[in-house]
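Enquirer: What follows is the residue order along each chain.
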Amino acid sequence: MKEVINLPVKNVEEEEYHINMGPQHPSTHGVLRLVVSLQGEIVKSLKPHCGYIHRGIEKMCEKDTYPQIIHLTDRMDYLSAHINNHAVCLLVENALEVDVPERVKYIRTIVDELNRIASHQLWWCSFGMDMGGLTCYFYGLRDREKILDIFEESFGSRLLHSYYTPGGLMMDIHPNFQKNVKDFLKYFRRKIKDYDNILTGNIIMQERTKGVGILSKEDAISYGVTGPSGRASGFACDVRKHHPYGVYDKADFKEILGTEGDTFTRYMMRMHEMRESMKIIEQLIDNIPAGDYTAKMKAVLKLPAGEYYQRVEAARGELGVYCVSDGNKTPYRMKFRSPNFSNLSALDHMSRGVKIADLVAIGGSLDYVIPDIDR
Amino acid sequence: MNFSIYDFTSFNQWIDKFLYDNLPAFWAVAVEMVIIGVAILLFYALVGLFLVYAERKVCAFMQNRVGPNRVGPYGFFQTIADFIKLMLKELVHIKNADQLLFNLAPFIVIIASFMAIAAIPFAKGLHAIDFDIGVLYVIAVSSLGVVGILLAGWSSNNKYSLIGAMRSGAQIVSYELSVGLSLITIVILAGTMQFSEIVEGQRNGWFLFKGHIPAFIAFIIFLISSTAETNRGPFDLAEAESELTAGFHTEYSGIKFAFFFLAEYMNMFIVASIAATVFLGGWMPFHVGGWAGFNHIMDYIPPFVWYIGKTFFVIWIMMWFKWTFPRLRIDQLLTLEWKYLLPINLVNILIMAFIVLMGWHF
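Keeping their order, the protein sequence lines are chains A and B. So that you can map any letter, position 231 of the first sequence is 231 in the working numbering, and since no number is skipped, the others follow by simple counting. Throughout, the working numbering is defined as the position within the second sequence, counted from one, plus 1000.
Bound conformation, chain A alone (with noise of 0.2 Å):
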């Protein structure tokens, strides 16, 4: 293997070693590439090159509309897929002060949980893989399986669906649609305890994770690590819950803090807020009221001149959308922070001094969505 990377020579003594950890890879779960400088199997440093599923969806953004702007959103997360479009109908509809139906704001809020708990269900399988337990990507691919099967009935897509549209709905939900997630939940926590018996439970699994990869409160706002790794270092960053949208004030959730900030704790986050998730779900799912699925929206929209900016909670943090509008129907500036990007930011900090196969634990419980750090 030729040296194909360019560290700065002064950093690097001379028992390190660099390799290469992607763009393929099976741990880094896309074409993301970390330049590992190791001595033996311990990690000196890191250095993430970011760039390989660059597609310029922010510069896109400039010469499409507002309704056709959330089918770009779908593809960064494209695990949130729901909760990014959320954003950007957010942002669009406070621009242009839309009174939206209150059924949407129930129907917004579901669909946004369920595609939280399907997220942290992928995250799960590939979190157990990282750490080499193969059965758990197949137990949670099975249960993930029930969500977007509830997805394609109402909305005709699994992964993609694009389903909001600025000022509510692009359909209404299928007739079956509170039937099935009420069936769901009641399968699913079932199925949680089997998680917690492969995985949390398991002897190796803790001594592996625990007091790894130890990020504090300090660094994790500096940082800007935010969603379930940012709180498992006890910051309070739930936008839910600090800023609500959709009908979160409605319903009683928990914000969940850790205090440790270690491998096991983000662990302990993902697998708590899925049953959060259900809570909410289970309160709002009998009550949404009838109404239009959809609010009186103009054929052209075009936002006010000036800056917008809104934020959500996606599956794996903070989305903030910064919007300049030239009074246009194009935006003139479109700008998303994506959590992904300042998660990955830390991972050279928790990573320094850890075995190689902890780097690939930390990197696990960061659960990084590559398209969404390179948009």
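By construction, these hints were calculated from the structure, which means they are not laboratory data.
Here are the simulated BS3-like cross-link-like pairs (lysine-lysine), alpha carbons at most 27 Å apart as the crow flies:
id : chain 1 : residue 1 : chain 2 : residue 2
1  : A       : LYS210    : B       : LYS1339
2  : A       : LYS47     : B       : LYS1159
3  : A       : LYS193    : B       : LYS1057
4  : A       : LYS191    : A       : LYS179
5  : B       : LYS1057   : A       : LYS146
A few chain A positions that, by computed beta-carbon distances, are all more than 10 Å from chain B:
id : residue
6  : PRO23
7  : LYS63
8  : ARG190
9  : ILE192
10 : PHE253
11 : GLN283
12 : TYR293
13 : THR294
14 : ARG337
Don't be surprised by glycine CBs; every beta carbon is placed ideally from N, CA and C.
Keeping the supplied structure of chain A fixed, place chain B upon it in accordance with the hints.
Expert: Frame of chain A; chain B shown alone:
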């Protein structure tokens, strides 16, 4: 000639006599060697192919999947199709690799496992070599495989391979101790290192039950450390596909990869055979001392079936491990061996020696 599936001794003697009557002594020995070699090679290939199939089916059932089910009934010929594919595949030429060592490594691995199989008794009289130091021989030979793994990692000119090989070296050298010591516990009980006598000594009950708690502890330690010695999950650090892509055999392709793959499964078969022979009575049917009628019924099941059944039971336990547990980290792996298994093992040997000395065993 008196052929019986319960005792192959007279059948073997008949062949031996037939050859010596018709050929000069040198050629008779040569022909016998060829016959045994071909028989073991055939057995090796068939068991290897079957184990790959079995592993895929077992893991599929543990993971809510169906597993291979297209080629032949229940996908039974899937592994044969895979093997043909691997044989026909191009061998990728690795630049800057040490060609001699790179090509030699898979053969060392496969020869080591091939040598170990010679000493294992498959049934009464079905035994290639009956050493009086059989246990020692198997331990010695089965640890030769690590040389091949180290060479593979070193010569591939790939850092992932090298890390995998270094891990594997540390792991196998450490766990070799536990494997040896747990077998010595039973050797003390049996009073012999010869496999045929170890099996014969279990006529009235398996050593697992005869040796009280020390034998049971030795069995568990043997299971753990032999899983580690064969580089299987949860101790598959040498491969560690989520960390090192494929570890020491990352750069191997085609038939050379197949050799590593086959050797891994055969090593599993060998350690399972040793576990079955030493702890579970080998080909000896399940006997309870004093129950003549029960023992007589058990004797109707041929020894070979007993042997295969016990071996596959142990293999199934090892597969169960692999598909349930996540992987250990290298420092935890060595901690487990040096801080826990080894001291427990040493104390266990003392207890066993004491029990044998006092004559407390059954």
